[in-house]
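Novice: Residues per chain are reported as follows:
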Amino acid sequence: MPQSLDDQYSLGDSIVDMGGGDGIDDPVQDNRPRILIMGLRRSGKSSIQKVVFHSMNANDTLFLESTNIIIKEDFQSFIDFHVWDFPGQLDFFDPTFDTNAIFGEYGALIFVIDAQDDYMEALTRLHDTVTRAYRVNPNLFFEVFIHKVDALSDEYKIETQRDIHQRTTDELADFGLEKVSLGFHLTSIYDRSIFEAFSKVIQKLIPQLPTLENLLNILCANSGIEKAFLFDINSKIYIATDSSPVDIQSYEICSEMIDVIFDISEIYSKRTSTRNDSGMSQSIKSAIQPTTDETASDASSLVRLHNDMVLYLKGVNRFLALVCLIPSDNLEKHGLIDYNFQCFKQAITDVFDLKRLSIERRLEEDIDDDDISI
Amino acid sequence: MSKKVLLMGKSGSGKTSMRSIIFHNYVAKDTRRLGATIDVENSRVRFLGNLVLNLWDCGGQDMFMENYFASQREHIFRNVEVLIYVFDVESRDIEKDMHYYQDCLEAILVNSKNAKVFCLIHKMDLVQEEMRHRVFEARLNELNTRSEPVKITAFATSIWDESLYKAWSSIVHSLIPNVKLLESHLQNFATICEADEAVLFERTTFLVISHCTKMDNTDIHRFSKISNYIKLFKMSCSRAQAQFKSMEIRQADFAAFIDVLTANTYVMVIMSDLSIEPSATKMNISVARKHFEKLEVSHIAR
Chain A
1 MPQSLDDQYS LGDSIVDMGG GDGIDDPVQD NRPRILIMGL RRSGKSSIQK
51 VVFHSMNAND TLFLESTNII IKEDFQSFID FHVWDFPGQL DFFDPTFDTN
101 AIFGEYGALI FVIDAQDDYM EALTRLHDTV TRAYRVNPNL FFEVFIHKVD
151 ALSDEYKIET QRDIHQRTTD ELADFGLEKV SLGFHLTSIY DRSIFEAFSK
201 VIQKLIPQLP TLENLLNILC ANSGIEKAFL FDINSKIYIA TDSSPVDIQS
251 YEICSEMIDV IFDISEIYSK RTSTRNDSGM SQSIKSAIQP TTDETASDAS
301 SLVRLHNDMV LYLKGVNRFL ALVCLIPSDN LEKHGLIDYN FQCFKQAITD
351 VFDLKRLSIE RRLEEDIDDD DISI
Chain C
1 MSKKVLLMGK SGSGKTSMRS IIFHNYVAKD TRRLGATIDV ENSRVRFLGN
51 LVLNLWDCGG QDMFMENYFA SQREHIFRNV EVLIYVFDVE SRDIEKDMHY
101 YQDCLEAILV NSKNAKVFCL IHKMDLVQEE MRHRVFEARL NELNTRSEPV
151 KITAFATSIW DESLYKAWSS IVHSLIPNVK LLESHLQNFA TICEADEAVL
201 FERTTFLVIS HCTKMDNTDI HRFSKISNYI KLFKMSCSRA QAQFKSMEIR
251 QADFAAFIDV LTANTYVMVI MSDLSIEPSA TKMNISVARK HFEKLEVSHI
301 AR
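Those protein sequence lines, which keep their order, are chains A and C.
Counted from 1, the first sequence has number 26 at position 26 by this note's numbering; the numbering is strictly sequential.
Counted from 1, the second sequence has number 264 at position 264 by this note's numbering; the numbering is strictly sequential.
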C-alpha cells in the first residue's frame with residue numbers, strides 16, 4: 001500500500017549529493033556530451049536522427065536527401081547535448097580533418113550498420129573508426145547499431161548480431177584493444193527499438209543516473225508503483241527507470257502513451273505545445289517558446305486498462321515526464337501518490353540544480369583566480 | 001439492418017488494405033502481408049450494434065472485373081447502398097481505371113440508383129507533400145466530369161495517416177439511420193457537461209459517428225487524427241496483453257476524457273473550464289450512459 005515519502009526524502013540529502021560530485025571534468029568549456037553518428041552512406045544515420053530527435057514519421061524518412069556535410073545539432077533537454085550527423089561518404093580521416101576536435105570530447109560514438117546489406121565493408125570502416133578514435137579519446141563510448149533489422153527474421157537477427165559482435169571483438173583484440181567499451185544494439189526506426197537503444201546510450205552519458213535510479217526506487221517502493229520510467233518528452237528516450245528489470249512491452253506502452261497524450265494535447269491546447277512536428281531544429285524551438293515550462297509540468301494523465309492496471313503520467317519539468325504502471329487498487333490513495341510525486345519532482349529538480357550550482361561555483365572560482373593572477 | 005457496401009477499384013489499389021485497417025485492427029505496415037483478393041470477399045461487420053455493414057471487397061484483376069460487368073452484373077450491383085471506388089494515385093494507366101469506373105457507375109445507375117458514390121484517391125503518401133493538394137484537385141475535377149450525372153464525394157487517402165479515417169467516418173456517417181437523433185442528444189449532453197466539445201466514436205473502429213462543438217478549434221482534421229491516435233494506442237495496448245479502457249488527460253489549459261459510453265460507442269469530452277472537478281465530468285458520463293443505451297435499444301425496436 002502507498003505510504004508517504006516524506007521521511008525517505010528528508011533523509012535523502014546524502015543520496016542527492018552523489019549526483020553533483022562527479023560532474024564532467026571541464027565545465028568551463030563546452031561541457032555538453034557529444035553524440036557522433038557515423039556509418040557508411042545510406043545506412044540510415046540521418047533517418048535515425050530525424051526519427052528520434054525530430055519526431056519525424058518513419059515513413060517520411062524515405063524522402064530524406066543524402067547528407068553531405070557534417071550536421072551539428074544542439075539538443076536541449078534535461079542534459080544538453082550535441083548530435084553530430086556525419087555524411088557517410090566523407091573520409092573524416094583525411095589529414096585536413098581535426099580528429100582531436102572531433103573525438104576529443106566526452107561523449108559517445110554511434111556506428112550504424114545496415115543489416116540488410118552486406119556488412120563487410122561497414123565492419124572494416126568500423127574497426128578503422130574505433131581504432132583511430134580510441135587513440136584520440138579512450139573515454140569515448142562506442143555503440144554499434146545494427147540497423148534496419150525490421151525486415152529480418154528473429155533468428156537471423158540474433159545470428160547477425162552474434163556475427164558482427166564476434167568479428168568486431170576479434171579484430172579489435174588483434175590490435176590489442178580489448179578494453180574498448182563496445183555496445184551492440186539491434187535497431188529499426190519502424191518500432192521502439194531505436195528509442196530503446198538511444199536510451200541505453202544516453203544513460204551511459206548521465207553522471208546522475210545512480211541517483212535518479214535511487215529516487216525512482218524509493219518512489220516505487222512507497223507508492224505501490226510496479227514500474228516507473230523517467231522519459232525525455234521530446235525524444236521519448238527514457239533516461240532512467242527503477243531497478244526492476246525492463247520489460248520491453250511496458251516500455252513500449254509507456255512511450256506510446258506519451259505519444260497519444262501529447263498528440264491529443266497538441267490539438268486542444270491553446271498554447272503552443274512543447275512537441276515539434278516540423279523539421280525545425282530543437283534549439284530554435286525552445287528558444288522561441290520559453291514559457292512552455294508550465295504546460296508540461298502541469299500535465300497529469302492516466303489511462304485505465306482492462307487488466308486492472310493504470311498508466312499514470314506526470315510532468316516533471318519542461319523536458320521530463322514520469323510514466324508509471326500502477327495496479328488500480330493502489331491508486332485509491334490518489335492524493336498520497338500525488339504528494340509523493342511532488343516530493344519526487346522536488347528531488348529531481350534539486351539533483352539538476354546541484355550540478356548547475358557546482359558549475360557556476362567553479363566558474364566564479366576561475367574568475368577569482370584570474371583576478372589574483374592579474 | 002444490413003447495408004451493402006461495394007468496394008471496387010483496380011487490382012493493387014489498396015481496397016483490402018484499407019478494409020483490414022479500419023475493420024480488422026491491422027497496423028498499416030502489416031498490410032504488406034495481404035495477398036490479392038480473388039473474386040469477391042464478403043465480410044459482415046457489426047457497426048453500432050444493430051447496423052451491419054455488408055462489405056463486398058471485389059478483387060480488381062481484369063478477369064474479375066469483366067466478369068462483374070457481364071455474368072455477375074445483377075448479383076453484384078443490386079441493392080447497393082454505397083459504392084466506394086478506390087483509385088491508385090500512382091497508377092500508370094489512368095484511362096483504363098476511368099473506363100472501368102464508368103462501367104461501374106453505369107451498372108450502379110441501372111441496378112441501384114439511390115446508391116451513394118465515394119471516390120478515394122488512394123496512396124497519397126507516395127506524392128510529395130507540396131504536390132498533394134494540386135494532384136487531388138486535378139483528379140477531382142476529372143472525376144466530377146466523368147461521373148455525370150452522379151454526384152460523387154471524393155477524398156484523398158493514405159493508410160499511413162489519418163486521412164483514411166476521415167474518409168471512412170464520412171462514409172459510415174451516411175449509413176447511420178438515426179444520426180440526427182444521436183447528434184441532438186450529444187448536443188444536450190455537451191451543454192449539460194459545459195464541455196467545449198463532445199465526440200462520439202464507434203467502439204471497435206473508432207470512426208467518428210457524431211460530434212458537437214461549442215468552442216472553435218482551428219484544426220479541422222482533429223477527429224480523424226484522434227481516431228487514428230487512439231486506434232494505434234489501442235493496438236499497442238493489446239500487443240502488451242492489456243485492453244484499453246479509458247483515458248484522462250489534464251494539461252494546464254484543458255482536460256480530456258475518453259471513456260466507454262455504450263456497448264458500441266466511446267465518448268470524448270473536452271473541457272477547458274478546469275474549475276469543474278474531473279469527477280463531476282466522469283459522473284455526467286456515467287449518467288449519460290443509460291440514456292444513450294436506451295437510445296440505441298429504441299432504435300432496434302423500430
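Hints listed in this document are in silico derivations from the structure and should not be mistaken for laboratory results.
These numbers were taken from a predicted model, which means no experiment stands behind them.
For every residue, glycine included, the Cβ atom is placed at its ideal position computed from N, Cα and C.
Keep in mind that the hints are not guaranteed to be accurate.
[Said to hold, decoys possible] Some chain A residues well away from chain C (every beta-carbon gap over 10 Å; in silico):
hint, residue
1, N59
2, T129
3, E196
4, R361
[Said to hold, decoys possible] Which bits of chain A does chain C cover? Going by a derived footprint, with three or more residues having C-beta under 8 Å, they are:
hint, stretch
5, 249 to 255
6, 299 to 311
[Said to hold, decoys possible] With a Cα cut of at most 20 Å, we get these calculated DMTMM-like pairs of lysine to aspartate or glutamate:
hint, chain 1, residue 1, chain 2, residue 2
7, C, K116, C, E142
8, A, K200, A, E213
9, C, K29, C, E194
10, C, K245, A, D308
11, A, K270, C, E194
12, A, K179, A, E226
13, A, K50, C, D125
14, C, K214, A, E266
15, C, K290, C, D259
16, C, K234, A, E332
17, C, K234, C, E142
18, C, K245, A, D60
19, C, K96, C, D62
20, C, K245, A, D263
21, C, K245, A, E121
22, C, K225, A, E266
23, C, K29, A, D191
24, C, K116, C, D161
25, C, K234, A, D259
26, C, K113, C, D125
27, C, K29, A, D60
28, C, K282, A, E121
29, C, K151, C, E81
30, C, K234, A, D263
31, A, K157, A, D128
32, A, K157, A, D117
33, C, K225, A, D263
34, A, K157, A, E213
35, A, K50, A, D150
36, C, K282, A, E226
37, C, K245, A, E252
38, C, K151, C, D103
39, C, K234, A, D191
40, A, K50, C, D161
Novice: List, from low to high, the hint numbers that the structure doesn't satisfy.
Specialist: 1, 9, 12, 16, 17, 18, 21, 24, 26, 28, 31, 34, 36
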